[in-house]
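Peer 1: One letter stands for each residue in the lines below.
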Amino acid sequence: MLWNMSSITVNSSKFSIAVHDYLDEYSSDVSKAVYVCADEATSNAVDKLKTAGDFNGRKFRRAWTRTLKQMSWGAVEATVHLKKPYYRIGHLLEFEHASRNGGRVRGYHFIEPIANETEEEFEKKLIEMIGVKL
Amino acid sequence: MKYTEVKAMLDYIKSTYNVPYTYYSFPEKEAPDLPYITFYYPSSSNIPASDGVYQKVEALTIELYTENKDFALEANIESALETYGIVWDKSEDYINSEHMFMITYETEIYIDGEQD
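Those sequence lines, one after another, are chains E and A. Start counting the first sequence at 1; every next residue gets the next number (the numbering used here). Start counting the second sequence at 1; every next residue gets the next number (the numbering used here).
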């Protein structure tokens, strides 16, 4: 758990300030926890994606990476993506497409399951860290 | 919306812009020259009721394949989608192995009535 509730005594005239300060601290701690969990979950996702799918493509696999941005209002933007010029190939490998002369080339559907696992992993880690179910 | 209305829209695109279409894929070695369209319903996200399905909701994927980037044709197809009340998102890929562009329109449609 990230923090413990500690008991404090405040004068009634300063009660609102104390609540405000506590919520500020809580908000900051949650924001840090979200970042840590997103960092771990996306790192694991990248590792999984580098070996997922039964196709060849060593350079393609190495192109998986992630970007984390801490927003000023406390949110975290975490993106798992392919580096240029491989980002288009990822979409084509995931989803099927037509062949020019007929028939279709199959998709490998290897990204979606990992995306779902990553979301679940992130949520589980965050609940463990902040100690409450959101 | 009915499946027949989706077909009517594709018929309109075919007759107006000379873009043939098929469900899912043309038979191997029998595809027409580009551009052409494939469409399919890859999944559903129905709204349930206590005794079954309250509303059928089908994902609809329409893929436009072209030799080169064709802004005008895409605009015409998007206009047709809007005329038929279809709200869409699209993505674009260039398929190196096939030397063609694929524009994917993804949408969901509420199916009214039976299979027609």
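Read the hints as simulated data drawn from the structure, not as lab findings. Being a predicted model, the structure only gives us computed values, none of them experimental. Be careful, since some hints might not be right.
What the hints assert, rightly or not - Taking lysine-lysine and the DSSO-like style, the derived pairs with C-alpha atoms no more than 27 Å apart in a straight line are: (1) E:Lys125 / E:Lys48; (2) A:Lys2 / A:Lys90; (3) E:Lys14 / E:Lys69; (4) E:Lys84 / A:Lys90; (5) A:Lys90 / E:Lys83; (6) E:Lys125 / E:Lys59; (7) E:Lys83 / A:Lys2; (8) A:Lys69 / E:Lys84.
Unchecked claim - Here are some of the chain A residues that sit facing chain E, going by a computed Cβ distance under 8 Å: (9) Lys29; (10) Ala31; (11) Thr38; (12) Asp93.
What the hints assert, rightly or not - Which residues of chain A face chain E? A partial, calculated answer using Cβ under 8 Å: (13) Glu28; (14) Glu30; (15) Ser79; (16) Leu81.
Glycine residues also receive a C-beta, built at the ideal position from the N, C-alpha and C atoms.
Peer 1: Each hint should be assessed against the structure and marked as holding or not.
Peer 2: How the hints compare with the structure:
no.: 1; hint: E:Lys125 / E:Lys48; in the structure: holds, 18 Å
no.: 2; hint: A:Lys2 / A:Lys90; in the structure: holds, 22 Å
no.: 3; hint: E:Lys14 / E:Lys69; in the structure: violated, 36 Å
no.: 4; hint: E:Lys84 / A:Lys90; in the structure: holds, 20 Å
no.: 5; hint: A:Lys90 / E:Lys83; in the structure: holds, 21 Å
no.: 6; hint: E:Lys125 / E:Lys59; in the structure: violated, 31 Å
no.: 7; hint: E:Lys83 / A:Lys2; in the structure: violated, 41 Å
no.: 8; hint: A:Lys69 / E:Lys84; in the structure: holds, 20 Å
no.: 9; hint: Lys29; in the structure: holds, 5 Å
no.: 10; hint: Ala31; in the structure: holds, 4 Å
no.: 11; hint: Thr38; in the structure: holds, 5 Å
no.: 12; hint: Asp93; in the structure: holds, 6 Å
no.: 13; hint: Glu28; in the structure: holds, 4 Å
no.: 14; hint: Glu30; in the structure: holds, 5 Å
no.: 15; hint: Ser79; in the structure: violated, 23 Å
no.: 16; hint: Leu81; in the structure: violated, 19 Å
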